[in-house]
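Colleague: As a plain string of letters, each chain reads:
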Amino acid sequence: MSKALLEVKNLRIEFPNRRGLLTAVDDVSFSIAPGEVLGVVGESGAGKSLTGAAIIGLLEPPGRIASGEILLDGQRIDNLPYEAMRKIRGRQIGAIFQDPLTSLNPLYTVGRQLVETVTTHLDLSESAAKDRAVKLLEEVGIPAARERVDHYPHQFSGGMRQRVVIALALAAEPKVIIADEPTTALDVSIQAQIITLLKRLCRDHGTAVMLVTHDMGVIAETADRVAVMYAGRVVEMGPVADVIHKPQHPYTVGLMGSIPEFESDRERLIQIDGAMPRLDAIPQGCAFNPRCNKVFDMCKTSRPELMAAAASRAACWLHDSRLVRSDSRITRSESGLAR
Amino acid sequence: MTTPFVQLKNVSKTFDVSAPWLNRVIERKPQSFLHAVSDLSFDIQRGETLALVGESGCGKSTVARLIVGLYASSTGSVMIDGQDMRIALTSNNEAARALRRKVQMIFQDPYASLNPRWRVADIVAEPIRTHRLIPDGAALDKRVAKLLGYVKLTAKDGEKYPHQFSGGQRQRISIARALASNPEFLICDDPTSALDVSVQAQVLNLMKDLQREMGLTYLFISHNLQVVHHIADRVGVMYLGRVVEIGDKKEVFGAPQHPYTRMLLDAIPDLHMTGKARTPVAGEVPNPLNPPSGCAFNPRCPRKFEPCDKTRPELVNIHGRQVACFAATSAQNSATETVMTLS
Numbered sequence: 103m104s105k106a107l108l109e110v111k112n113l114r115i116e117f118p119n120r121r122g123l124l125t126a127v128d129d130v131s132f133s134i135a136p137g138e139v140l141g142v143v144g145e146s147g148a149g150k151s152l153t154g155a156a157i158i159g160l161l162e163p164p165g166r167i168a169s170g171e172i173l174l175d176g177q178r179i180d181n182l183p184y185e186a187m188r189k190i191r192g193r194q195i196g197a198i199f200q201d202p203l204t205s206l207n208p209l210y211t212v213g214r215q216l217v218e219t220v221t222t223h224l225d226l227s228e229s230a231a232k233d234r235a236v237k238l239l240e241e242v243g244i245p246a247a248r249e250r251v252d253h254y255p256h257q258f259s260g261g262m263r264q265r266v267v268i269a270l271a272l273a274a275e276p277k278v279i280i281a282d283e284p285t286t287a288l289d290v291s292i293q294a295q296i297i298t299l300l301k302r303l304c305r306d307h308g309t310a311v312m313l314v315t316h317d318m319g320v321i322a323e324t325a326d327r328v329a330v331m332y333a334g335r336v337v338e339m340g341p342v343a344d345v346i347h348k349p350q351h352p353y354t355v356g357l358m359g360s361i362p363e364f365e366s367d368r369e370r371l372i373q374i375d376g377a378m379p380r381l382d383a384i385p386q387g388c389a390f391n392p393r394c395n396k397v398f399d400m401c402k403t404s405r406p407e408l409m410a411a412a413a414s415r416a417a418c419w420l421h422d423s424r425l426v427r428s429d430s431r432i433t434r435s436e437s438g439l440a441r
Numbered sequence: 002m003t004t005p006f007v008q009l010k011n012v013s014k015t016f017d018v019s020a021p022w023l024n025r026v027i028e029r030k031p032q033s034f035l036h037a038v039s040d041l042s043f044d045i046q047r048g049e050t051l052a053l054v055g056e057s058g059c060g061k062s063t064v065a066r067l068i069v070g071l072y073a074s075s076t077g078s079v080m081i082d083g084q085d086m087r088i089a090l091t092s093n094n095e096a097a098r099a100l101r102r103k104v105q106m107i108f109q110d111p112y113a114s115l116n117p118r119w120r121v122a123d124i125v126a127e128p129i130r131t132h133r134l135i136p137d138g139a140a141l142d143k144r145v146a147k148l149l150g151y152v153k154l155t156a157k158d159g160e161k162y163p164h165q166f167s168g169g170q171r172q173r174i175s176i177a178r179a180l181a182s183n184p185e186f187l188i189c190d191d192p193t194s195a196l197d198v199s200v201q202a203q204v205l206n207l208m209k210d211l212q213r214e215m216g217l218t219y220l221f222i223s224h225n226l227q228v229v230h231h232i233a234d235r236v237g238v239m240y241l242g243r244v245v246e247i248g249d250k251k252e253v254f255g256a257p258q259h260p261y262t263r264m265l266l267d268a269i270p271d272l273h274m275t276g277k278a279r280t281p282v283a284g285e286v287p288n289p290l291n292p293p294s295g296c297a298f299n300p301r302c303p304r305k306f307e308p309c310d311k312t313r314p315e316l317v318n319i320h321g322r323q324v325a326c327f328a329a330t331s332a333q334n335s336a337t338e339t340v341m342t343l344s
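Residue numbers (my numbering), protein chains in the order written: chain H, 103 to 441; chain F, 2 to 344.
Do not take every clue at face value.
[Unchecked claim] Heads up, simulated SDA-like pairs for lysine to any residue below, C-alpha to C-alpha not over 20 angstroms straight-line:
1. F:147 x F:110
2. H:348 x F:273
3. F:250 x H:208
4. H:301 x F:273
5. F:209 x H:396
6. H:232 x H:208
No lab work stands behind these hints: they were computed from the structure.
Bound-form chain F, shown alone (with noise of 0.2 angstroms):
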């Protein structure tokens, strides 16, 4: 096999949340630590859409600024085109800044991360002139034309003001910013939660169109499990910090092994109201300051039993899939066992 485009090996990132030094002295409080992600690994293919989903506070926009590097991770590695991230952040050489170039990033919300005080033209344009990919000039003005065409804009709503926009279009100007230095690799940390189902469904046709022509490789954060399986091609579910089942979406969306995977897409509205009945979903997120012990999901989980709240499962090969559980190990385990006796 290749060597994977994307690769993360044990990132972890880890706040310190402690009270300021002389609270901590005089009321004789430990420091705290908040542990947004722990121990997380995986792989994107080149060409590939990945996705996390999970709910808020699981750490998914987290993980997109780890890869980023808006933040620079605790411990772990982050790979990209066989590059390490955090050299390339650090250094200015031609490699570095390069590697900047390959990954961009859109953002969730369209009203917050385009200046207002900028014409669209000048927003498009700042990856370039950033990177000197074109000197100002015809040429640029040409290559931002072009890039608001792919999004479905004309080079005449390059004079606007974002404001001008709606929440669609400023998300498009988004998209047509990020693609602006011919980048690799797109992080979209939940790029049409801010919008109206149907602006959503411009939006991840738009996505789906320029990924086949570009060949872009995305990772694709959401909290909406129904986008996700559409624009996905593997999918990883966090759980406070953790991956807790991570394969092809078929799999994964089709056979969820982990309880809360399938926690989760039991809890979602039922539009064909077949009428099934829903796994009543008891409680809520933990405190990540506070994670329970061993498995983090064992204090709702149904199928919790004796090891779940002792020590924490691994990721584990199950059916195709990666799975951290207990409960879907040992049922593995012992389906395995029945087929050996058997023969």
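Just chain H, with the same shape it has in the complex (with noise of 0.2 angstroms):
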């Protein structure tokens, strides 16, 4: 595999409040090399976002990354100053946000968006921003783009809306996008459009990816590695053809199980029951035992690290190779789950 381009390691947030510490984000560590997109999954709640908002630097006080390092290009970039990562953001790192319309000045013309960050970040004149602006625009597929350059965001519809937004994000040719939910306020037919717009743009810019979902479909379509992501932690990590049709840890398998297809025809759905737990009473061991149908001592005492597991790997005890050889009542065909 060629070099990471962005890599995350040990990272962990807090939010320091009256009654002691939240850790929102706990020891996640990950890599993404250029042209690659790592999607990151996992229900409202499990740390996506924050982890996203970290690697930009606009995590929001009181939070905070309380230790761990980010590494763009092999620096650090999670200690820099505030002017310092102003630089890098836009630049090097762009972002594209759920909600088209509230990441948009409503009351510029888009052309005047695009042109101001085409200038910050290169050296252009004004006109030639311009044109690039229009070129940019034209690139992420919107028709007409020379009148609609000077068009304000409200005349343009939510699809149309999220292209512009992905354009802003191009716009100075960023090394890696960091996009978060970017097709949830979408339609499905518009929805697929821009996953191919994302994708195309990814392997022609060689543009390293962050793609944070809570929709399997979507990763399914665009990811080439997940990361599964419950209570503030990397449970799952692996190639997108392996989580998705051998997933190795139960979290995983619920979640999979959860989403209604075409191609069955049961009459229930797999569910996990309870809900995932709150930051301020993370269970003790693996934070999801209260609600895993394959939860024994182990769990509940000592919290489970990434270990290897078939293709992928997953935190879970049900991987550990000692228990496997030591405990029959856990097999390997056991683990393996049935779906």
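Put the two chains together into one complex, using the hints given.
Modeller: Structural data, given as structure tokens:
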């Protein structure tokens, strides 16, 4: 594999409050190579958006990076002063957010917003920047870009607005793009268009993309590798086909099973009872243990780290090699989990 | 055949979205109307689940609101259990009240549809009190506890306030409230769109169980085709205020006849990564204030031909479902012609 462009090492994000410390993201590590799409999935509150916000240095106080490192092209960026980070944000790391309406300024034309971004980061004249803006809009598939560049955000439909936001993120040709739920606010037919666009741009420019979403379908279509997050930790990470077809962590199994499918005619969906724990009440041991149907003693006392599980890595004691051999109750076939 | 439990006949809803009168006079602008739902007719049999799917702005939620009477229809009639809903909403006699009791609604956003200042027990008891089914006291408490039990909550949860619950639990409270008046017909307006998948699975399973136990009839509105496929018996696909295809779930999803249905199905991300080529979807939903002439789908349609932008296709029976599409009808006709010449 080529050298990682973005590397996150043992990231831990904390929120101090009156009653103590809340750990929202705990010991998260991953890396993304150029041209690669890493999908980060999980349910609301799993800490996936916070991880994205920490990378672009937009963590809202009182949230803070308590420990760990974020490396861009081998250089630490998590401890940079605000001004230095401002130069990196937009120029080297682009961001696409969920709601295209709130990420555009309603008072300026999209052209002006694009020109502003381009001239801030690149050494271009006003008119050259304008030409670039038109080219960007054409690249993201906006018809009649030359006229549209002078329109205001409200004159665009939801899907077109999201294209403008993608154009903004691409404006300075960043090496990394953090896409936080880019298709969630869109209808399925538009969603498909945006996914195809994102994939094509990533391939053409060799950009590393971190795609944060709760939609497994989007991940299956777009990502090369997947990280599944639960209660602030990565519980499973691996190539997209392995995680989807042969999930190793019981949470991933439940998550995959709860998606209704056309191919199956089952009367009931697989459900994971209960809900994700609150940050101030994360259970001891494995955070998933109260909801897990394969729970055993070890899960309640000590927390599993990511360990090899089939072609992926999973943070689950079922895959602990010592246990598989010593304890006949948990065999490989059982932990392979019936689907 | 028995008369259907719910029957919509040529229901339309038009909203007047004109500028204020003075502006119209000064700027010489005409009045403008938004046709949210046009000429909608369908039946739902007792105990059946009919789902309506479509993209945002196609009028699905307006249909829900028309049926429960939150909007009055501009034309057409909604009959439930042989009674006209319009009469039930305006009069106050015994029969009208009984009909109102039978129809309940579950809303999309569980954060906005529960009163934050009421305790859960009061929220669930509200329909019972409104319809004077059980007097306050031990019997009512018992009934509320039972309702909370149906949705897998405990009687103790009734003392809490909505903010103490998660999204999935709140949606279950909405279901308990909808069940409080012993309804027969539930209208569910995208009840799982605000929920995470694992919680969505809990709510869908619960709704299916309750339907089996209580013989409920559902109108299930959603934009998620997989969810609809899981829960529905019959499916209606809506586009710009009209039903373009309606029929048995297996027929519609198995062999879609309308190009729009096919497009929606193709647009679903492929979880199994079979690598099947997706039909690229061109364009977006047109502005409902200024819909295209003829078939509303014609500017995006890959099978568009001559009559499509001139006349509007009506719903026609093809392959065991109803479709409003000239391309599908002509394909059917040529097929029958071949069969006739062959025989």
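Colleague: Please go over all the hints and tell whether each is borne out by the structure.
Modeller: Hints, verified against the model:
For the given pair, residue 147 of chain F sits about 24 angstroms from residue 110 of chain F by alpha-carbon distance, which is inconsistent with the 20 angstroms threshold. At roughly 11 angstroms between alpha-carbon atoms, residue 348 of chain H and residue 273 of chain F fall within 20 angstroms of each other, so this suggested pair holds. With a C-alpha separation of about 42 angstroms, the suggested pair residue 250 of chain F and residue 208 of chain H falls outside the 20 angstroms cut-off, and the hint is violated. Taking the CA atoms of residue 301 of chain H and residue 273 of chain F, the gap is near 18 angstroms; set against the 20 angstroms cutoff, the hint holds.
Only pairs whose Cα atoms come within 20 angstroms are accepted, and residue 209 of chain F paired with residue 396 of chain H is rejected, the gap being roughly 26 angstroms. Pair hint residue 232 of chain H plus residue 208 of chain H holds up; C-alpha atoms about 19 angstroms apart against a cutoff of 20 angstroms.
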